[in-house]
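Participant: The lines below spell out each chain.
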Amino acid sequence: MTERREVAIVGGVTTKFGVRPCTWSELAQEVGAALFHAVPELNASDVDSLFVGAAEPERFAFQSHVAPLAAEQMGLTPRRILQRTELACASGQSAIRSAYAAIASGLSDLAVAVGLEKMNLPSMAEANTSMACVMDRLWDGPAGATAPPFFAMVAQRHMLEFGTTEEQLAAVSEKNHRFANSNPTSQFHEKTFSKDKLLRLPLVAPPLRLGDCSSMTDGAAAVVLTSRESAQRYTQTPAWIRGTGQYSDFHNLANAGSLTEWTGLKHAAREGLRSAGIRSTDLDFAELHDCFTISEIVEYEAIGLCAPGEGGKYAEEGRSNLGGDIVVNPRGGLLGCGHPLGATGIAQAVEVYQQFSHSVPPSRQVPDPEWAMVHNLSGSANVHSVMIYSREAS
Amino acid sequence: MSSAKSTLRRRRAVTAPLDSRPTEKAETARAPTLRPSRPPPPFLLDFFPLESAEQTRLSRFYQRLREGRLSTTKCRTDGELHWPPRTACPVCHTTTLDWVDLPEEGRVYAFSAVLAGAPLGMEPDLPFVVGLVDLDGVGLRIFGRIEGAPWQACRIGQRVRVESYEAPEERVFYRFRVVDRSS
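Note that the protein sequences, when read in sequence, are chains A and B.
Sequence positions in the first sequence follow this note's numbering and run 1 to 394.
Sequence positions in the second sequence follow this note's numbering and run 1 to 183.
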């Protein structure tokens, strides 16, 4: 077996997330232009590969074959690997994982991973239909299965089995919205959500309220990846990919098993940490997939930050906040930033890069971070994707 | 024409194991339930499946459902009971599967309600209850719509019964109905 090359993210950028009055292609142009500003040493002709994380452009933009479209809009002419990656809510991380594999193997020397989604349409029912086809459409679809009722059932079971409360769910939302408050790219920038306000928002899928759910969001993000040989050309603060893990064991909701014990995430996190040679207690911060407040709570437990059933208390006691055991979602999370499916995983990686280079506002800067985890779930938490980053190469 | 014929032949050949019981094979042959006179809504914006033997090798499922029977496939080789019904066993990877009826009742394992944000065509149903139901005694927990009580009156452990209902364009699907609100 040939030696695996070390791979780093050497720069990246996130567009404004929110309800954006523009097309999918215009988002691609915007993120392309922004990337070349954010990484001044980047030459288009040196980018040999492009990976495009896009979950449902066929649905939301009625556009297929999006990889060459994104390349054209961004002003890139890939000559080695050009592909779209689709893994629903984890499509962005999939683009990074694919770029990582390409560079580690030597097939690519300089790659861009871009993620983008344009979700806000004149007809919300059409957008909801698009979100519903992430589920097993033949069997779960006709009943009206979408993400909110599924994660609501997770919350209901967690409340029943462990006594988790609505206030504990709101603690997650309050924390992530507070971080998003000082993130100018977030959908809910400069918006304040107190716990009281969150608990008064309308129910969407009981027990989940509006503030427990991430939103329909337009946005894009891009990162540049290269090997150890070239990293210093682009930055003095590379974010090194040190470990990965991924796991999937079901798709139809009937095969989910326990709703509160996410065994897939246990496997993915264990493999990610093992391959990086660290423990969960070594992590300084984590970008966890808080598509719903309950997701973040179950994730604390599955990753091993706290004991099973203790996730609600963990949030409530501030142990996942600045000054706690670990900072979770200093970017503002999906709850605060919004969740443009394909862009989310890339934006999380941009946050890791910026945290390591101390280029985020002080109100959400993790003190001297060395290790970070990025996690995305997709669908009904039936796939878990984990990456471990370090500010040092191995 | 010749290519259409060969497609048909190929499809019959692979379908055979599922229809291994002669009586069922005969029924499958006259399966189509879609009437060409009335085109269905665009398939890609409609969650109800295309149920005819022209479109799925599991059309028996929908035929049996029409008779009020919720059924699924069971692997003849390793005895694995599947949900949803399948054409190949995911455990032993053989394709000789039998149709078996499932219990008519079960208990709610978890539920929620969709109060907003319904997919196209389901807006008139709002608010509606969905849940995971443990079917009695078979170790299957299946998802579906729950009718017969508002979400505020539903609870975990509630007994529900399976029923079939007419879906748009001559189709049929299953759902659950609350058996006893007070138990």
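What the hints contain is simulated information worked out from the structure, not anything from laboratory work.
There may be inaccurate statements among the hints.
[Unchecked claim] Here are the simulated SDA-like cross-link-like pairs (lysine to any residue), alpha carbons at most 25 Å apart as the crow flies: (1) LYS195/A to TYR234/A; (2) LYS74/B to HIS251/A; (3) LYS195/A to LEU115/B.
Participant: Measure nothing beyond the straight line between the CA atoms of LYS195/A and LEU115/B; if it is 25 Å or shorter, mark the hint as holding.
Facilitator: holds (22 Å)
Participant: Going straight from one Cα to the other, do LYS195/A and TYR234/A come out at no more than 25 Å?
Facilitator: violated (42 Å)
Participant: Are the Cα atoms of LYS74/B and HIS251/A separated by 25 Å or less?
Facilitator: holds (19 Å)
Of the numbered hints listed earlier, the single one contradicted by the structure is hint 1.
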